[in-house]
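The listed protein sequences derive, respectively, from chains A and B.
The first sequence: position 163 = 163 (my numbering), numbered continuously.
The second sequence: position 123 = 123 (my numbering), numbered continuously.
The set of hints was computed from the structure by calculation and includes no laboratory data.
Where hints are given, some of them may not hold.
Any copy, or any two copies together, can satisfy a pair, since identical chains are not distinguished.
[Stated by the list, open to error] DSSO-like, lysine-lysine: derived pairs with alpha carbons at most 27 Å apart: (1) K29 x K135; (2) K223 x K66; (3) K309 x K103; (4) K227 x K135; (5) K269 x K66; (6) K103 x K91; (7) K264 x K323; (8) K66 x K135; (9) K269 x K135; (10) K66 x K264; (11) K323 x K135; (12) K309 x K323.
Protein chains: 2
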Amino acid sequence: MQLSAVYEPVNQELGEVNEQFRLLVDSQKTTFPELYQMLSLVLVGGKIIRPTLTLLSGKLYNHNRKSLLMMATAGELLHIATLVHDDTVDKASIRRGRPTVNKVWGMEKAIILGDYLFARAGEFTAATGNLRVVKLFARTLETISRGELRQGFSAFNLNQTVEQYLERIASKTASLFAMATESGAALSQAPEEMIQVLKDYGYNLGIAFQIVDDVLDFTGTKKEMGKPVASDLAQGTITLPSLLLLERFPEDNPLKNIFSNRNKQQEIKRAIEMIGNSTIIEECYQMAFEYSTRASRDLYLLPDNPNRKSLLSLANYVLERNK
Amino acid sequence: MQLSAVYEPVNQELGEVNEQFRLLVDSQKTTFPELYQMLSLVLVGGKIIRPTLTLLSGKLYNHNRKSLLMMATAGELLHIATLVHDDTVDKASIRRGRPTVNKVWGMEKAIILGDYLFARAGEFTAATGNLRVVKLFARTLETISRGELRQGFSAFNLNQTVEQYLERIASKTASLFAMATESGAALSQAPEEMIQVLKDYGYNLGIAFQIVDDVLDFTGTKKEMGKPVASDLAQGTITLPSLLLLERFPEDNPLKNIFSNRNKQQEIKRAIEMIGNSTIIEECYQMAFEYSTRASRDLYLLPDNPNRKSLLSLANYVLERNK
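Could you put the whole structure together from the sequences, leaning on the hints where they help?
Below is the structure:
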């Protein structure tokens, strides 16, 4: 499946979101060249799934085109702001195959650039003129940062449950997917029950997306992923594949060595191999499949048009994608 | 002058702002003890000037008490969030005489805690139900972070002008003071011209406040200030006293050595002495006095009541304070 086909019904609007980004970057060119450089690095090349979700959800019903564009832009900016801070926290040096802000300009400037992007995201949200989505935006940032804090405090902790993992990815990923769909619906004349259907769709899609993301961190190549293989494990973050590995081999488990920094690189390699030689990846996909199915379940209640079809396709795409 | 006398007309409301903080902290106690600890550290002991400004400005006119309290709380949370990130950027280890978040929990968690506080501040702002202040809030965070970035990129640069210094403190301090007064006025039934008077008051007060802050960084003791003396200089940040020192002694100037890391501690001491032996401190106070005067200038246009009197007293207090 090609993402381009999924994006088809909102292609024009996505072009306008891109144009908002271009304007934001270019407006700094003469007044603040360093900021221009930083924005040029981060505001390009993403999968733009979140703005797509907002646009598809909003276009199912009567919508105010301008508000929808503002919110779609805000969602992607919020996402990018969190990535800038995540990379700084993780001391990551590449993202999407390009150097990170913290790598190029140092962690000090990366912290402040992230704040700047939060502010810009907030401004685009406020430009919708809709208080409901403003509240949703602030609450989502709260949920994301609370989830990131939880992740930070649970790093290098071997005693974690699948339930805790799901809670964490709900906070850090599904909340933003749900914000994207709920805000799109809330900015159109969707009935309240349909806003709820779209919100649940976004939430479940987000969980499926993140499970696959965590699988790809183990199965993808550095080139495909644009970042090192098993980067989560190196950070002390246990995701579903490593969690299942721990359950499967409670005694001789490479994670114990990785987390106590014994032969780290070698043991990471061993963990990847052990996961590859087991049924763990299939089990992860099975769980992602269940959430993807849950995401699609109530879509039939929405108006039957190309936007709905694309939402359905996206639920399949998140399972099939390989980067 | 005692701050307590200035705060008198809004004492009860300040107690309620404090109560909002207490609720925010306590709500984490059982669900997320680590977050509870972090919030307990940062949500106490400030000068709470910003909420005071919002409350005094709002209470000059007919106001919605709940909205005003929400906004006063939001302004202080925004301030604290920026402090948490500033300390992380500066690798500062003490603030208000207590260890910083980055010192106790590391820079990774400090970054995310700051984000969490931005989110909470945004939620309190949205709870006012007033889109104008929501927009003002987001724009202010943009201004602050842009100013911080500018400061970062100009660190260790000896070629700076007083004008650039004023621009920087306008962004990082005056913008938030102006947001505090403007939002208070906008949430009451103040006429538009009076909102402007209060906004200008906040802006000029903020400039005066920051000039004095930068002077106290040189003249205060570590105990009074709750942080090391000349901490700005150690970070490569040129403030008004060191800027005037550079102008005065362009040839043999300790800053050149400090910024190229030659006998840093000794040269910082020399800079403090040279400033002490000159008229630089008087000149800084003269400039702060001018901004404070500008702040008070149009206050006579506002309704004559204890709130107005307190605003006037605050304009004097910022010059007299010694910590």
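For each hint, the structure was consulted:
1. For a Cα distance limit of 27 Å, the shortest separation of K29 from K135 across copies, 24 Å, qualifies, whereas the shortest one inside one copy, 32 Å, does not.
2. Taking CA atoms no more than 27 Å apart as the test, K223 paired with K66 passes in neither setting, with 38 Å inside one copy and 54 Å between copies.
3. Within a single copy, K309 and K103 get their C-alpha atoms no closer than 40 Å, and across copies no closer than 51 Å, so neither meets the 27 Å cut-off.
4. With identical chains, the CA atoms of K227 and K135 are never at most 27 Å apart, being 34 Å at best within one copy and 37 Å at best between copies.
5. In the homo-oligomer, the alpha carbons of K269 and K66 never lie at most 27 Å apart, since the shortest distance is 49 Å inside one protomer and 57 Å across protomers.
6. For a Cα distance limit of 27 Å, the shortest separation of K103 from K91 qualifies both inside one copy, at 8 Å, and across copies, at 18 Å.
7. For a Cα distance limit of 27 Å, the shortest separation of K264 from K323 inside one copy, 25 Å, qualifies, whereas the shortest one across copies, 49 Å, does not.
8. In the homo-oligomer, the alpha carbons of K66 and K135 lie at most 27 Å apart both inside one protomer (19 Å) and across protomers (17 Å), since each shortest distance falls under that limit.
9. Taking the closest pair of Cα atoms, K269 and K135 never come within 27 Å of each other, the shortest separation being 44 Å inside a single copy and 49 Å across copies.
10. Taking identical chains as interchangeable, the C-alpha atoms of K66 and K264 are never at most 27 Å apart, the minima being 51 Å within one chain and 55 Å between chains.
11. For a Cα distance limit of 27 Å, the shortest separation of K323 from K135 qualifies neither inside one copy, at 32 Å, nor across copies, at 37 Å.
12. In this assembly of identical chains, the alpha carbons of K309 and K323 lie at most 27 Å apart only when taken from the same copy (22 Å versus 63 Å across copies).
Violated hints, in rising order: 2, 3, 4, 5, 9, 10 and 11; the structure is consistent with all others.
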